[in-house]
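Asks: For the protein sequence lines, the chains are S and C, in the order given.
Numbering (our numbering) for the first sequence: 27 to 94.
Numbering (our numbering) for the second sequence: -10 to 257.
Just so you know, not all the hints are guaranteed correct.
[To be verified] DSS-like, lysine-lysine: derived pairs with alpha carbons at most 30 angstroms apart:
#	chain 1	residue 1	chain 2	residue 2
1	C	K200	C	K97
2	C	K219	C	K22
3	C	K22	C	K154
4	C	K82	C	K17
5	S	K79	S	K39
6	C	K219	C	K200
7	C	K229	C	K22
8	C	K229	C	K154
9	C	K233	C	K109
10	S	K79	C	K233
11	C	K233	C	K243
12	C	K91	C	K17
13	C	K230	S	K79
14	S	K28	C	K219
15	C	K97	C	K22
16	C	K229	S	K28
17	S	K28	S	K39
18	C	K97	C	K229
19	C	K91	C	K229
20	S	K79	C	K229
21	S	K36	C	K109
22	C	K200	C	K22
23	S	K36	C	K229
24	C	K229	C	K243
25	S	K36	C	K17
26	C	K233	C	K97
27	S	K28	C	K230
[Said to hold, decoys possible] Simulated restraints, written as ranges between beta carbons of each label pair:
#	chain 1	residue 1	chain 2	residue 2	range
28	C	S220	S	D71	30 to 40 angstroms
29	C	G204	S	E37	40 to 50 angstroms
30	S	E54	C	I12	44 to 54 angstroms
31	S	E54	C	F98	27 to 37 angstroms
32	S	T30	C	E157	24 to 34 angstroms
33	S	Q70	C	G241	14 to 24 angstroms
34	S	P56	C	N135	28 to 38 angstroms
35	C	A101	S	D71	21 to 31 angstroms
36	C	S179	S	D34	52 to 62 angstroms
37	S	M27	C	R224	14 to 24 angstroms
38	S	F86	C	V205	30 to 40 angstroms
39	S	P56	C	R3	44 to 54 angstroms
40	C	E157	S	E54	30 to 40 angstroms
It should be emphasised that the hints constitute simulated quantities derived from the structure, not laboratory data.
Here a beta-carbon is modelled for each residue, glycine too, at the ideal position from N, C-alpha and C.
One letter stands for each residue in the lines below.
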Amino acid sequence: MKLTINGDTKELKDGISLPELLIIENVEQPDMVSVQINDEFIRQDEHTNVVLKDGDEINFLYFMGGGA
Amino acid sequence: MRDFSDEELERYSRHIILQDVGIEGQEKIANSKVLVIGAGGLGSPVALYLAAAGVGEIGIVDGDVVDLSNLQRQVIHTTADVSVPKVLSAKAKMEAINPNVKVTVYQKFLDASNILDIVKGYDFVIDGTDNFSSKFLINDACVLANVPYSHGGILRFGGQTMTIKPHESACYACVFDSPPPANAIPTCSSAGILGAVAGMLGTIQAAEALKYIVGVGDPLYNRLLTFDAKSMNFRNVNFKKNPKCRVCGGEGIKEIRDYEAVVCEAKL
Ligand SMILES: [Zn+2]
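Start from the sequences, fold in the hints, and give me the full structure.
Replies: This is how it looks when you write it as structure tokens:
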């Protein structure tokens, strides 16, 4: 299936769950990333229930706390 | 309405000649009040550009003094300012650039006890703070006081920013919910920051403030602009206001409370 991850379209095997995708994509702190799938944010405690499907658009948004 | 002096007409001529700004837009800028929270990496360019632009009143908040390690990026401060309170150093440069601007200094750290009263008096707020407890506190206060603001965050070679119009566009908590646990996320002091990246993000925030004041263009509502200066890739991630947002959704927040300091340096 094709997934668009942070703007890049990738071919991945069918039936991947969100926690699996976080590992495949080398997301360093999976519990610290805000995940958005097709414009909806996925709550941390719902990650394990999410199975990705062909055409999903996924964004990983990271905390950035600096400013000074 | 106000009458600009010949000096002001000359000074702002490159704004006034802009079709989308004009004399009316420059009047709006001159009649506006902007609060800059933090006189550091982001606050420095923001304060300099807003003063140069002729924002009528600029408030600047910081409880810190200038440190030698700040000078690599906090361009409003000079070597001679080391150990001087940042707000006083900043005010001196802003007034030197543009004596028409009124600068109000708040030499203090913001917390739940004082933030609402300060934020309420302004048309737009800039988050130039360096820790999550302050960023979430500013979001809460701006939503509660219904004051639009610009979120900004930087780390290493990257930056992110969004503009929030409370109750109309998504807020910071719609996207990130609540502060990460202490020391879970690296900070500029622990992981570093390329000085120029602070300037890149700060000038975007200043431009957003001016766009909002003049009423021109599309602010960064309902989207997070992120960039990576290594690749020089810029991206917008779009989203909607979260109806279940802890802060701006449904019942929303009713009062301001402090978040626990979540980085080793919890400073404004
Ligand atoms: Zn919200």
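Asks: Now tell me if each hint is right for this structure.
Replies: Going down the list of hints, with the structure as the test:
1. C:K200 / C:K97: It holds: about 29 angstroms lies between the C-alpha atoms, which stays within 30 angstroms.
2. C:K219 / C:K22: 35 angstroms, violated
3. C:K22 / C:K154: 16 angstroms, holds
4. C:K82 / C:K17: It holds: about 23 angstroms lies between the C-alpha atoms, which stays within 30 angstroms.
5. S:K79 / S:K39: 10 angstroms, holds
6. C:K219 / C:K200: 28 angstroms, holds
7. C:K229 / C:K22: 28 angstroms, holds
8. C:K229 / C:K154: 12 angstroms, holds
9. C:K233 / C:K109: Satisfied, since the Cα-Cα distance of roughly 25 angstroms is no more than 30 angstroms.
10. S:K79 / C:K233: 25 angstroms, holds
11. C:K233 / C:K243: 15 angstroms, holds
12. C:K91 / C:K17: 15 angstroms, holds
13. C:K230 / S:K79: At roughly 24 angstroms apart (the allowed maximum being 30 angstroms), K79 of chain S and K230 of chain C satisfy the hint.
14. S:K28 / C:K219: 27 angstroms, holds
15. C:K97 / C:K22: With a Cα-Cα distance of about 19 angstroms, the restraint between K97 of chain C and K22 of chain C holds, given a limit of 30 angstroms.
16. C:K229 / S:K28: At roughly 24 angstroms apart (the allowed maximum being 30 angstroms), K28 of chain S and K229 of chain C satisfy the hint.
17. S:K28 / S:K39: Holds: K28 of chain S and K39 of chain S sit about 8 angstroms apart, inside 30 angstroms.
18. C:K97 / C:K229: 35 angstroms, violated
19. C:K91 / C:K229: 37 angstroms, violated
20. S:K79 / C:K229: Measuring from Cα to Cα gives roughly 22 angstroms; hence the hint holds.
21. S:K36 / C:K109: Judged against 30 angstroms, a Cα distance of about 47 angstroms means the pair is violated.
22. C:K200 / C:K22: Distance ~14 angstroms between K200 of chain C and K22 of chain C Cα, so the pair holds.
23. S:K36 / C:K229: With Cα atoms ~25 angstroms apart, K36 of chain S and K229 of chain C stay inside 30 angstroms; holds.
24. C:K229 / C:K243: 22 angstroms, holds
25. S:K36 / C:K17: Violated, at roughly 47 angstroms.
26. C:K233 / C:K97: Given that 30 angstroms is the threshold and the Cα spacing comes to 34 angstroms, the pair is violated.
27. S:K28 / C:K230: 27 angstroms, holds
28. C:S220 / S:D71: 30 to 40 angstroms: 33 angstroms, holds
29. C:G204 / S:E37: 40 to 50 angstroms: 45 angstroms, holds
30. S:E54 / C:I12: 44 to 54 angstroms: At roughly 51 angstroms between Cβ atoms, I12 of chain C and E54 of chain S fall inside 44 to 54 angstroms, so the hint holds.
31. S:E54 / C:F98: 27 to 37 angstroms: At 31 angstroms between Cβs, range holds.
32. S:T30 / C:E157: 24 to 34 angstroms: Because 28 angstroms falls inside the window, the suggested range holds.
33. S:Q70 / C:G241: 14 to 24 angstroms: 21 angstroms, holds
34. S:P56 / C:N135: 28 to 38 angstroms: 35 angstroms, holds
35. C:A101 / S:D71: 21 to 31 angstroms: 28 angstroms, holds
36. C:S179 / S:D34: 52 to 62 angstroms: 29 angstroms, violated
37. S:M27 / C:R224: 14 to 24 angstroms: Check passed, 23 angstroms falls within 14 to 24 angstroms.
38. S:F86 / C:V205: 30 to 40 angstroms: 32 angstroms, holds
39. S:P56 / C:R3: 44 to 54 angstroms: With a Cβ separation near 48 angstroms, P56 of chain S and R3 of chain C satisfy 44 to 54 angstroms, so the hint holds.
40. C:E157 / S:E54: 30 to 40 angstroms: Given about 34 angstroms between the Cβ atoms, the range holds.
Violated hints, in rising order: 2, 18, 19, 21, 25, 26, 36; the structure is consistent with all others.
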